[in-house]
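2 protein chains.
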Amino acid sequence: MPQEIERKFLVTGEYKPQAYAHSRIVQGYISSVRGRTVRVRIRDERGFLTIKGASNESGTSRYEWEKEIPLCEARELLKLCEPGIIDKTRYLVRSGQHVFEVDEFYGENEGLTVAEVELSSEDEPFVKPAFIGREVTGDVRYYNSQLMKHPFTTW
Amino acid sequence: MPQEIERKFLVTGEYKPQAYAHSRIVQGYISSVRGRTVRVRIRDERGFLTIKGASNESGTSRYEWEKEIPLCEARELLKLCEPGIIDKTRYLVRSGQHVFEVDEFYGENEGLTVAEVELSSEDEPFVKPAFIGREVTGDVRYYNSQLMKHPFTTW
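So the protein sequences, as listed, match chains Y and P. For the first sequence, the residue numbers in the UniProt record's numbering are 1 to 155. For the second sequence, the residue numbers in the UniProt record's numbering are 1 to 155.
To be clear, the hints were calculated from the coordinates, so they are not data collected in a lab. Since the model is a prediction, treat every value here as computed from it, not as a measurement. You may find that some hints are simply not true.
[Unchecked claim] For lysine to any residue, the following SDA-like pairs were computed, each having C-alpha atoms within a straight-line distance of at most 20 Å:
#1 P:79 / Y:65
#2 Y:67 / P:70
#3 Y:8 / Y:18
#4 Y:79 / P:67
#5 Y:67 / P:72
[To be verified] Quick look at which bits of chain Y chain P covers, simulated, 3 or more residues with Cβ under 8 Å:
#6 28–34
#7 73–85
The beta carbon of each residue, even a glycine, is placed where N, CA and C say it ideally should be.
Using the sequences and the hints, build the whole thing.
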């Protein structure tokens, strides 16, 4: 069973000059139920369907299944999604051997920027970039599926 | 947007001698929310993921998206499903120009057999086979997503 091991941080410093790539992401949830989220995503001009299982106790690891799907199908499936669409730009920033994904949110989540790093094990060391603040791994408020229902500007 | 137009009936007579094919189906729901059901199905040794949108008012037509997925992935995704798994044998029976899918249920839905026919329009005529009883199109109790939560033997 493929597992996704991630740690998530608030972003408190400047990261854009160091980004080597970025893409616009629009996504919704056909199911935002924890333990079985079903996400439809359009990243630039490509569509993806992703299903995520339950997290382990520390919130760092969960089963993830993803398939690329035709853009036109992703657009149709977005129409079925629960109310609330996530709109953000994702920047990729290298730090040592790892890549941090920095998400800058728009709309109802304007003002929130978080960074995630994917690891091969929960205790794998990594170089902490200077723009990283407090760790929020496992804090469900920062799950995209929750940001949709309880957006940052309403906290 | 592809639409699924189906009419559904209770089965009250003998159909097995007329069946030209049959397959065993085991399925679960990652989401059984009406308007956005996400179904994982194993049909004989093949896996499928299906997303269905909301029905129109008469219950005959709804958006359907389906992809074949590897069997091993379908088995993993079944583990994420809501409690309650549907287990049935589907028989295919010709009637005039159409094929009726006759589902004989097991387990908690033992005793229930329903037949469905797919049509190209809501008023397309078809030859009614002798084994067909009362029409139950649009009756949500007979949706597989409902049979899982409120199985036939508990009615």
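Hints versus structure:
1. P:79 / Y:65: Since the Cα atoms of residue 79 of chain P and residue 65 of chain Y sit roughly 12 Å apart, the hinted pair holds (cutoff 20 Å).
2. Y:67 / P:70: holds (11 Å)
3. Y:8 / Y:18: At roughly 19 Å apart (the allowed maximum being 20 Å), residue 18 of chain Y and residue 8 of chain Y satisfy the hint.
4. Y:79 / P:67: With Cα atoms ~18 Å apart, residue 79 of chain Y and residue 67 of chain P stay inside 20 Å; holds.
5. Y:67 / P:72: holds (14 Å)
6. 28–34: holds (count 3)
7. 73–85: n = 7 at 8 Å, threshold three: holds.
This entry satisfies every hint, going by the numbered hints stated previously.
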